[in-house]
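Keeping their order, the protein sequence lines are chains A and B. Take the working numbering: the last position of the first sequence gets the number 364, and nothing is skipped along the way. Take the working numbering: the last position of the second sequence gets the number 364, and nothing is skipped along the way.
No lab work stands behind these hints: they were computed from the structure. Take these hints with a grain of salt, some might be off.
If chains are identical, the list can't say which one is meant, so a pair holds when it fits in one copy or spans any two.
Derived pair list, reagent style DSS-like, types lysine-lysine, alpha-carbon separation capped at 30 Å [as the list claims (entries may be wrong)]:
hint : residue 1 : residue 2
1    : Lys226    : Lys122
2    : Lys240    : Lys160
3    : Lys122    : Lys295
4    : Lys235    : Lys122
5    : Lys235    : Lys160
6    : Lys140    : Lys329
7    : Lys122    : Lys195
8    : Lys334    : Lys235
Source: prediction; values computed, not measured.
Protein chains: 2
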Amino acid sequence: MLLLLLLQVSICLAQTSKPAPSNIRGAQYPQITSDSRAIFKMRAPDAVKVQLDLGRKYDMTKNSEGFWEVTTDSLTEGFHYYSLIIDGVAVADPASETFYGMSRMASGIEVPFKGDDYYAVKDVPHGDIRIKRYYSEVLKSWRTFYMYTPAGYDQNTTQKYPVLYILHGGGEDQRGWATQGKTDLIIDNMVAAKKAVPMIVVMMDGNIPSRGFGEEALNTFEKELKESVIPFVEKNYRVKTDANSRALAGLSMGGMQTLGAGLKNTQMFAYLGVFSSGWWANQPDLSNPQYEYMKNNAATINKNLKQFWIAMGGKEDIAYQNCKIMLGKFDEMKIKYSYSEYPGGHAWPVWRNNLYNFAQLLFK
Amino acid sequence: MLLLLLLQVSICLAQTSKPAPSNIRGAQYPQITSDSRAIFKMRAPDAVKVQLDLGRKYDMTKNSEGFWEVTTDSLTEGFHYYSLIIDGVAVADPASETFYGMSRMASGIEVPFKGDDYYAVKDVPHGDIRIKRYYSEVLKSWRTFYMYTPAGYDQNTTQKYPVLYILHGGGEDQRGWATQGKTDLIIDNMVAAKKAVPMIVVMMDGNIPSRGFGEEALNTFEKELKESVIPFVEKNYRVKTDANSRALAGLSMGGMQTLGAGLKNTQMFAYLGVFSSGWWANQPDLSNPQYEYMKNNAATINKNLKQFWIAMGGKEDIAYQNCKIMLGKFDEMKIKYSYSEYPGGHAWPVWRNNLYNFAQLLFK
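Given only the sequences and the hints, what does the whole structure look like? Please build it.
This is the structure we're talking about:
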């Protein structure tokens with residue numbers, strides 16, 4: 001009787017799980033169940049220990065045919081990085097597409113959820129993602145940015161567009177917002193629904209070749225943005241060049257770059273978006289000069305910015321405390337900002353949602 | 001004395017090896033020596049056996065600190081897929097960029113060589129790589145192609161461009177020619193040197209969801225090319241639409257698709273390129289109807305085609321025998337073609353060179 005019940009449960013599971021949309025074509029596993037658990041299964045007859053690392057580590061168990069398997073707890077919405085750990089070595093899952101994150105090509109699993117309609121591929125006009133090489137005189141090297149041009153950009157050859165410059169996090173690169181972020185689909189859908197105006201989104205490489213992330217890296221980033229990327233974009237693409245037609249936003253490390261380069265240049269950017277970020281409370285060497293600048297320029301910042309939009313992935317976001325302390329300083333200085341939270345922690349599902357909400361406010 | 005000599009040899013090796021250009025940023029290994037050997041080194045203290053699979057398998061050896069290492073024999077020029085096999089599981093190297101090949105995200109190692117100047121990043125005008133979604137009525141699904149638009153495409157808004165449609169091999173997809181193939185750099189450099197005319201290159205997804213690769217898949221591919229991709233490109237981009245301004249080329253599986261769809265449609269394509277391919281000599285069911293069509297239409301094919309360009313990666317190419325038998329049939333039918341060989345087998349270094357030579361002949 002119990003056996004029958006177990007059999008039914010397992011049949012039921014089998015019927016309601018489907019390959020994850022992030023799998024490479026044809027890969028049957030990982031699968032997602034109807035209650036958002038993920039089933040991982042891979043063949044490794046000679047391995048001694050296989051684990052799944054989804055932020056939380058799961059031990060996988062081996063069956064008699066050499067397949068290792070595990071079913072996770074319910075996963076939250078959207079995109080999650082993961083690794084397989086095969087006898088101690090963390091590697092990408094051969095069954096998954098890979099994404100540059102955690103400073104390497106990592107696996108990602110996409111968990112469908114009820115509210116994922118805003119980045120679904122729909123029958124609406126679609127823009128292009130472009131990959132563009134440019135030579136940086138600042139960094140003395142060839143670099144690459146990704147860029148979204150909205151539907152109609154190629155046809156409307158006299159129209160100029162506003163630009164959102166958007167930044168990835170640490171251990172990621174210019175590919176992040178295009179792949180993990182689904183930027184093209186989010187903007188395509190919003191433009192079609194008239195929730196956002198057609199805009200160009202420049203996804204630049206925020207990595208600065210230097211040791212760590214300190215004041216020097218921050219200043220070099222600002223120089224790269226102002227002297228390389230923006231002039232290149234404004235020379236080569238049909239974009240509006242007034243401050244009201246420029247936005248700057250970023251997540252985590254990119255949020256700090258936005259705070260650093262954005263607040264010092266509000267004559268260039270009328271919109272700033274800071275996702276899951278905040279100056280480190282325990283690094284006053286880095287943050288104090290920033291606060292000092294803000295204090296001395298609070299009136300200008302408040303006057304110039306149409307949006308200073310700060311968002312956090314709930315209390316579970318690793319940047320939560322830093323952000324809270326930073327917002328306290330902003331309040332003392334009477335710097336105006338908006339603040340919102342969306343649960344999900346320090347992760348792409350939150351940042352997709354941040355882009356969705358922030359982009360609606362831009363260039364209107 | 002011997003020890004001293006060994007020490008000097010190892011110092012010498014250390015001085016003349018550099019991280020491969022295909023590594024993820026910051027990764028020190030794999031390295032390439034000045035005599036084109038590759039040194040692989042990775043930490044895996046708990047693994048029992050680690051191998052490197054570069055087509056040929058190498059056993060790696062573990063040192064006392066848990067690092068596994070191997071130095072390969074001299075590698076031939078350019079790009080090679082590889083895997084690490086950790087206790088029997090073939091995975092991508094966490095230190096490498098990944099490339100969709102062998103039906104999964106595989107590692108690739110780029111071996112610099114004296115003749116690699118033709119795909120070097122140079123101070124010349126650069127085109128864009130675009131990623132474009134489209135809905136296929138033929139396949140009833142959303143698909144993606146990659147497209148190269150040459151430098152000046154955005155500025156010269158009345159100019160129309162010829163188009164090369166180019167196809168990847170089995171186990172690859174629309175990303176192959178853009179990443180493994182370095183299509184943008186090859187064309188950028190040739191256009192700047194006036195060796196090739198500015199052209200658009202459409203890198204379509206040649207995978208047809210069906211079992212295997214037979215007549216049905218071939219016919220569906222032809223339908224997808226003619227009814228989905230070409231009309232979409234011609235509607236949305238500034239392209240010339242006469243046969244003399246259209247070329248079709250492909251490698252391996254894509255070469256067969258070019259033979260199949262190209263030869264039946266020489267009223268559409270004045271240029272065909274077939275790289276490392278040929279009808280399977282042991283599958284007359286697939287090839288005989290093709291030969292029959294060619295026999296009945298030899299005069300039209302010869303009249304319409306300005307180039308029927310066939311190339312092989314030397315005798316070591318797995319398609320060599322099939323191609324040779326096919327060319328014998330072409331000779332019997334008096335079908336005109338050009339044939340050339342470039343050593344390197346069934347691999348991307350050959351196909352990059354094929355594109356370089358083929359593109360120079362186009363649209364002149």
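Structure-based check of all given hints:
no.	hint	result
1	Lys226 / Lys122	between (35 Å within a copy, 23 Å between copies)
2	Lys240 / Lys160	both (6 Å within a copy, 26 Å between copies)
3	Lys122 / Lys295	neither (46 Å within a copy, 45 Å between copies)
4	Lys235 / Lys122	between (32 Å within a copy, 20 Å between copies)
5	Lys235 / Lys160	both (12 Å within a copy, 22 Å between copies)
6	Lys140 / Lys329	neither (37 Å within a copy, 55 Å between copies)
7	Lys122 / Lys195	within (15 Å within a copy, 42 Å between copies)
8	Lys334 / Lys235	neither (37 Å within a copy, 53 Å between copies)
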